[in-house]
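Construct the entire structure; sequences and hints are all you get.
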Amino acid sequence: MEQNRFAAAFKQNAIWLVFIIEIAIFAYFNPKFLSLPNIINISRQVSYYGIASIGMTFVILIAGIDLSIASIVVLVNVVCAYLMMNLGWNMWLAILVSIIMATLIGVLNGFMVSTIGIPAIIATFASQTIFRGLAYILSGGLPIPDVLRYAPEVGLNGNPTLSFFARWTLNHWSIFPKTGIGLIPVCAIIMVICFAIGSFILNKSYFGRYFYAIGGNEEASELSGIRVSKMKYLIYALSGFFAGLAGIIVLSRTGSAQASSLVGFEFEVITCVVLGGVSVAGGIGHMSGVIAGVLIIGSLKSGMVMMNVSEYTQMVVQGLVLAIAVGFDCFSKKRNAG
Amino acid sequence: MYEIDARFNDYFSELDPARRLEILNAMQDDEDSQYLHRLYSERYRDNKDVWLWRAICLEMLYGQWRLFKSSRNKEVRGILKELHADNDSHHEFIYREYRNVARRYLSTCKSSGYASSLMGLKQASDDEKVIKACLDIWQMSEGIARQENLRDNMQIWIKALYDELINYDPLCKLEYSRLSSK
Numbered sequence: 001m002e003q004n005r006f007a008a009a010f011k012q013n014a015i016w017l018v019f020i021i022e023i024a025i026f027a028y029f030n031p032k033f034l035s036l037p038n039i040i041n042i043s044r045q046v047s048y049y050g051i052a053s054i055g056m057t058f059v060i061l062i063a064g065i066d067l068s069i070a071s072i073v074v075l076v077n078v079v080c081a082y083l084m085m086n087l088g089w090n091m092w093l094a095i096l097v098s099i100i101m102a103t104l105i106g107v108l109n110g111f112m113v114s115t116i117g118i119p120a121i122i123a124t125f126a127s128q129t130i131f132r133g134l135a136y137i138l139s140g141g142l143p144i145p146d147v148l149r150y151a152p153e154v155g156l157n158g159n160p161t162l163s164f165f166a167r168w169t170l171n172h173w174s175i176f177p178k179t180g181i182g183l184i185p186v187c188a189i190i191m192v193i194c195f196a197i198g199s200f201i202l203n204k205s206y207f208g209r210y211f212y213a214i215g216g217n218e219e220a221s222e223l224s225g226i227r228v229s230k231m232k233y234l235i236y237a238l239s240g241f242f243a244g245l246a247g248i249i250v251l252s253r254t255g256s257a258q259a260s261s262l263v264g265f266e267f268e269v270i271t272c273v274v275l276g277g278v279s280v281a282g283g284i285g286h287m288s289g290v291i292a293g294v295l296i297i298g299s300l301k302s303g304m305v306m307m308n309v310s311e312y313t314q315m316v317v318q319g320l321v322l323a324i325a326v327g328f329d330c331f332s333k334k335r336n337a338g
Numbered sequence: 339m340y341e342i343d344a345r346f347n348d349y350f351s352e353l354d355p356a357r358r359l360e361i362l363n364a365m366q367d368d369e370d371s372q373y374l375h376r377l378y379s380e381r382y383r384d385n386k387d388v389w390l391w392r393a394i395c396l397e398m399l400y401g402q403w404r405l406f407k408s409s410r411n412k413e414v415r416g417i418l419k420e421l422h423a424d425n426d427s428h429h430e431f432i433y434r435e436y437r438n439v440a441r442r443y444l445s446t447c448k449s450s451g452y453a454s455s456l457m458g459l460k461q462a463s464d465d466e467k468v469i470k471a472c473l474d475i476w477q478m479s480e481g482i483a484r485q486e487n488l489r490d491n492m493q494i495w496i497k498a499l500y501d502e503l504i505n506y507d508p509l510c511k512l513e514y515s516r517l518s519s520k
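For the record, the sequence lines run as chains A and B. According to this note's numbering, the first sequence holds residues 1 to 338 in order. According to this note's numbering, the second sequence holds residues 339 to 520 in order.
Calculated from the structure, these hints are not laboratory results. Keep in mind that this is a model prediction, so the values were computed, not measured. There's no promise every hint is true.
[Said to hold, decoys possible] Under the rule of at most 30 Å between Cα atoms (straight-line distance), these lysine-lysine pairs were calculated in the DSBU-like manner:
id: 1; chain 1: B; residue 1: K386; chain 2: A; residue 2: K230
id: 2; chain 1: B; residue 1: K448; chain 2: B; residue 2: K497
id: 3; chain 1: B; residue 1: K511; chain 2: A; residue 2: K204
Structural data, given as structure tokens:
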């Protein structure tokens, strides 16, 4: 029995072994890979993948999918930058409004999937197109440049109130990417807090149980008294919320908003989640695996850049990782079925 | 084993809670029907089928890794208590009620979304659905009992679910044996 327990623990956490092997390989080929600046850089880089992957985990757990998260991230980028730069809004107010908007987009996805009954892949693909388009319309197809540097000059229009907010924004906006507690960047801390919240929801709350149950057998969950429809609204809203938060992190990191950015981001997030052991059939997965998945993809990207692997080759590798992760999941399911 | 009076057959074969209550209310008021009323009110609370939910929880607890194994064992024991598994009397009624829970669960296993894969894109074949149903039932009975060393406490539960499963599809007996021999 103890041996079984060890085997189960090993199986559940094997993904961490993959992560360690990956780190060892990159460190062997480039000793700078394990340097402090690179580790900090990776932690910044993975922060927005990590945050977005929490919502995606919930969605995949109920055997759904959310293809709209990249568009939500981009729209949050553009709207938040627009509110601050063009309208001179207070930074926190702009962030709040942007995240509420992202959550509402999630609710809209929930409505299409749960109430109308559109398959999740189609509903969220439609959202993806709609909100990417809106981001282009709002930004006029042009980047909203350098939020940090131009904040005082753009959107002032001689208005002292706007001027105050713009200056305040300039002084405070950089807190996410530049500062941290000790050496740990704030965006990485936000990611860790989000993962803690995600883990709590999945492991300690009734909602988490409901997510697993819906993914395992939706109809039986409904019969047992779970309001599946409401749960779907909640899950897609959470996915939108976390995507919105990721959008704020991206904006603070890049300092500019561009409607054409982050193409394929949703597939990278799906790769992180599936690689972390969340089954595409729903009902199976845990947050610690997703953390490992995020770190593996983040390290892979960083390692390939350090080894001068071309961008196109990186795309090929990431596509292969996604195919292998999904293939492994399907294979395990078939093997279990005998 | 677990024989009951034929007048209860309709009650135990019915899956709809409202209809079951009607049947129960129409019965002669005696000690047995009072016990069934008690079971009914414990199973269906706050518009929920609590026992079905507990069965689903047992399935989820199977194979779930936890740092402290004792916490999972404690949770399973709590569920068994709620399911009256430790009840010294009325075994025949409890057995029938368990079979009703299993039948209600199995009634959902032919839906189009059941056992689908690839985020709901690929629907399962009929055989795949049966195999998944067997796995689910095995995990919530024999599997979790083995895992937590609670076979003695779960005898009626395991038997009831097994008996219901082998009536569900001819393939189930073989599949259940395969899972048990692992």
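Verification of the hints:
1. With a C-alpha separation of about 15 Å, the suggested pair B/K386 and A/K230 falls inside the 30 Å cut-off, and the hint holds.
2. With a C-alpha separation of about 23 Å, the suggested pair B/K448 and B/K497 falls inside the 30 Å cut-off, and the hint holds.
3. Between B/K511 and A/K204, the direct Cα distance comes to roughly 36 Å. Violation of the 30 Å bound is thereby established for this hinted pair.
Of the numbered hints given earlier, the model fails hint 3 alone.
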